[in-house]
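Engineer: Given next are the chains, with one letter for each unit.
There are 2 protein chains.
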Amino acid sequence: MTKYTIGLDYGSDSVRSLIVNTENGKELASVVFEYPRWKDGKYCNALNNQFRQHPKDYLEGLEYTIVEALKQCPEGVAENVVGISVDTTGSTPVAVDEKGTPLALTPGFEENPNAMFVLWKDHTAVKEAVQINELAKKWDVDFTKFEGGIYSSEWFWAKLLHVIREDAGVYRAAYSWVEHCDWISAVLTGDTNPKTLKRSRCAAGHKAMWHEAFGGLPAEEFLVELDPLLSGLKDRLYKETFTCDVAAGKLSAEWAEKLGLSTDVVIGVGAFDAHLGAVGAEIEPYYLSKVMGTSTCDMLIAPMEEVGDKFINGICGQVDGSIIPGMMGLEAGQSAFGDIYAWFKRLLEWPLKNILAESELIDEATKQKLIEETSYKIIAKLSIEAEKIPIAESGIVALDWMNGRRTPDANQALKGAITGLNLGSDAPRIFRALVEATAFGSKAINDRFIAEGVRIDGVIALGGVAKKSKLVMQIIADVLDMPIKVARSEQACALGTAMAAAVASGVYSNIAEAQKNMGSGIEMEYHPIPENVEKYKMLYEDYKNLGSFIENQV
Amino acid sequence: MTKYTIGLDYGSDSVRSLIVNTENGKELASVVFEYPRWKDGKYCNALNNQFRQHPKDYLEGLEYTIVEALKQCPEGVAENVVGISVDTTGSTPVAVDEKGTPLALTPGFEENPNAMFVLWKDHTAVKEAVQINELAKKWDVDFTKFEGGIYSSEWFWAKLLHVIREDAGVYRAAYSWVEHCDWISAVLTGDTNPKTLKRSRCAAGHKAMWHEAFGGLPAEEFLVELDPLLSGLKDRLYKETFTCDVAAGKLSAEWAEKLGLSTDVVIGVGAFDAHLGAVGAEIEPYYLSKVMGTSTCDMLIAPMEEVGDKFINGICGQVDGSIIPGMMGLEAGQSAFGDIYAWFKRLLEWPLKNILAESELIDEATKQKLIEETSYKIIAKLSIEAEKIPIAESGIVALDWMNGRRTPDANQALKGAITGLNLGSDAPRIFRALVEATAFGSKAINDRFIAEGVRIDGVIALGGVAKKSKLVMQIIADVLDMPIKVARSEQACALGTAMAAAVASGVYSNIAEAQKNMGSGIEMEYHPIPENVEKYKMLYEDYKNLGSFIENQV
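Chains as they are written, first to last, in full-length UniProt numbering: chain Z, 1 to 554; chain A, 1 to 554.
Careful, some of the hints might be misleading.
Just some of the chain Z residues that point at chain A, by a computed CB distance under 10 Å [stated by the list, open to error]:
#1 K121
#2 W343
#3 L347
#4 L348
#5 I355
#6 L356
#7 E358
#8 T374
#9 S375
#10 L382
#11 S394
#12 T419
#13 D426
#14 R429
#15 D542
#16 I550
Since the hints were made in silico from the structure, they are not lab data.
As the structure is a prediction and not an experimental result, all values here were calculated from the model.
Yeah, the Cβ is synthetic: ideal placement off N, Cα and C, and Gly gets one too.
Using the sequences plus the hints, can you model the full thing?
Structural biologist: Here is the structure:
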């Protein structure tokens, strides 16, 4: 009998389920659910970089996407689903009670953003990250050393410390903290006990300073020194972590019924989206797998023995098995990527949404259609116009730190900039400069890997931007001076997650075997244009100078 | 009998005539004419900073505005008009033939931008300005020393040199060159002979390196060394210059008939708009008269004996009688002011004009109305929202050099910048930062005057922005930490020009007397808010740091 697995992929704005034939990787059905509360802008404050998500958005999406996707499948598929695995954004932790229930699902906390998941791009914990870094540098063991040597405000400890300092109610009610990817897997097994649920190696190793060499999480003394509020929490977290090829348990009766699946379905241990995306894109050693969406997550794998004792400074960590079990997983990334294009789009939409929206010249329905139609076309039209602009012609140089800088050298206090403006600097010219800035940000990451002794042989791109924007992809190939392969799968993260489920449920004995059978290969390749490469070398120097200035100012 | 004078005020986008009762300054009629070719964007290329204006735009406006304004006046006024004076933007020179006719009005040059007036804000001559400065520093006499020590690409010699280098046809056909303010006065007198028409002290002294100490314009050897193309031109220009209280001649029969006025009407010598604006705003010694429109022109007068032998570095010149005859006129200014707000508006309009404009959801006429309505409201709505944003809250710091920097220290190669951007930086926040940047640019000018030993006792504001934007004016008062008086006259430039006409035609014996009788005083005063002053001190440091960085990059 043919076996099927489900990859559940929780992104920043929506969750997707993908049902895959494990024999050949054929994608049978895929359903997306946009988080409704998130879409309404609830619990967020972009100006303060506060981004929170309600657990109900996740649970509703879990049920909806699997049930609907199964409806699209031919008869006989549901009965032969053998595994479900989960990938999510991260670090996206939540405070939970003794049963492992997120506080926002418990009475009195329903509308409290501090009782919800703190989304990866939430940067409210800048101060806490600074403090963690200061203490880490003074401590006899540097607990940040496997995470690039700089702890980020996007990560587990900074976020939880910020929340419990700010919200005494949450502090008192929080028994433990759980990452999004761990909680969804646990929910599906029916056992969310925070002391026993299986924690992801990927999340723990890259974001929570967990390492075997430390015997697990950082020392209790370190945590208490950071803040006495953390006292005792470590015992209510975890010691052990697991790679994505391990089973977390089996589908609970409750969820089996809800989803129309059997209780024999194996639930795999979760991992982060970018890591399982790299799996889905068939990552090879020394190929940078770049998930390009709202931000980028740049994944690299290398044989354990080749990385050896090197600490790769300024990246987001080096974790045994975080991507492919048995290989060293190295993570880097840009805090904002597509988000920068979206920001510029929002800026240009301002008159539409704030002035035209109040016009009395046309009826409400037509007005809404007109605004939607116009908004929808902005990025595409900007791209067409930007493509016509010769490199360096506009003189505009931008910096892609509108959401801080993740790597190299995490610093969330940094900001974006646009220089070289004159009265003729129009929207397509600024847009092009923003695209170039995101490409320069990519180049800075490549440069760092190479400077730290990790070679890069090529790039495999995946994610929305990689698929959709030829402009962006060609500019990145030119700036990196490196060919870029684009993974064929529309849903590399979900596909990688379905591959992990196929291993966790025993269809395959390891990830490599699952990739070989289920992978969909490369769709196209961008090659650097030598003439452009030369021009961008000069602009990249301007970008670096601008970056140094901004960094010195902060 | 009551006598009347007409002030003709040529701005960047339109010309205005104002008919004034010389007894009490009462404004009887005012008519504006927008330059039609300019409005269509003809002869310009904003990306290359090329801004040219066709002489027909000026001539059509001359006739239309005076004829229409006279129609609005009671009977008996036309017969008692005794003087007309002219102010224009500058330096706005044009190549003319032997009769003083701008080449664009001669066969073969009708559509050639190089045969038209080169508007003040045209920055195509950056290279030529650099060359003039280099040569001036090597020469035994520094011909730039009365013009702040740095020659600008906005000025006479740089512009004409650029045009004749670029366009051999214009070079061959150009007998001489004339400033806009001199040409209009000459046209009205019917004698445009470039060798005899009366040249403005204001234009010559501030923009053409004319000074009594040099015996007039710079030495022939200097000009030929600059470029052999300039050989002989000096003899076809001028030696003498005249202040605005002097008569250029009387109205020609041709124009008397066109306008319905007598040939006894005296035509005054022209001057620049900002200088006569300062007259109209009743400038006092050591008060900075700030004309705030697309750019700013900042005028200061001081008794000749008090300035003495000092050279005020980095401003646009110190000229005996350029504002008030008998007083030293000091000029400074910002290359872009309202133009920066207009640039941001154009940026935000992009989706309206490039996407919505192509929608098929509504009919063409409604669409145009909707676009116009929305565009029209952008600045007002931005201002309302920007006012609510606390100082320094957004973290955005901008630089106001989108059209280069006029003063202090002219440098047209400089560009604008916006820093401190994050994903929450919305249009009102960026707009506020742009307004603050223009205020910081004003502060840099004040600082320079003071550093060079010229005190500033207060500011008198005039021009469109001063009248219209409370947001801008309060921010400037806070940043300058100085009260700002706003001149009551809606048309201070045209009023000052009418005052000059009243002196040139003998109604009054000097400008002070005309001001006393015809002035309309102060409308309101902005006072700095101490709390804001302190906050802006810190932001101003950020502005200066950003400026230093950008300046070092160029």
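Engineer: Give a verdict on every hint.
Structural biologist: Evaluation of the provided hints:
With a least beta-carbon distance of about 8 Å to chain A, the hint placing K121 (chain Z) at the interface is held under the 10 Å criterion. Taking 10 Å as the C-beta contact cut-off toward chain A, the hint placing W343 (chain Z) at the interface holds, the least distance being around 5 Å. Hint on L347 (chain Z) holds. Least Cβ distance to chain A is approximately 6 Å, under the 10 Å limit. At its closest, the beta carbon of L348 (chain Z) sits 5 Å from a beta carbon of chain A; the interface hint therefore holds under the 10 Å criterion.
For I355 (chain Z), the interface hint holds, the least distance from its beta-carbon to any beta-carbon of chain A being 5 Å, beneath 10 Å. The interface hint given for L356 (chain Z) is met, as the beta carbon of that residue sits about 5 Å from the closest beta carbon of chain A, less than 10 Å. For E358 (chain Z), the interface hint holds, since its Cβ comes within 10 Å of a Cβ in chain A; the closest pair sits about 9 Å apart. Of the supplied interface hints, the one on T374 (chain Z) holds, with its beta-carbon coming within about 5 Å of a beta-carbon of chain A, less than 10 Å.
Because the smallest distance between the Cβ of S375 (chain Z) and any Cβ of chain A comes to about 7 Å, under 10 Å, the interface hint for this residue holds. Among the interface hints, the one on L382 (chain Z) holds; its C-beta lies about 8 Å from the nearest C-beta in chain A, closer than the 10 Å criterion. Given the 10 Å rule on beta carbons, the hint for S394 (chain Z) holds: about 8 Å separates it from the nearest Cβ of chain A. Among the interface hints, the one on T419 (chain Z) holds; its C-beta lies about 4 Å from the nearest C-beta in chain A, closer than the 10 Å criterion.
A least Cβ separation of about 7 Å between D426 (chain Z) and chain A falls short of the 10 Å threshold, and the interface hint therefore holds. Satisfaction of the interface hint for R429 (chain Z) is found here, the shortest Cβ-Cβ separation to chain A being roughly 8 Å, below the 10 Å cut-off. Restraint check, D542 (chain Z) versus chain A: the minimum CB separation of about 7 Å is within 10 Å; hint holds. Interface hint status for I550 (chain Z): upheld, as the beta-carbon distance to the closest one in chain A is roughly 6 Å, under 10 Å.
Hint check: no violations occur; every hint is consistent with the structure.
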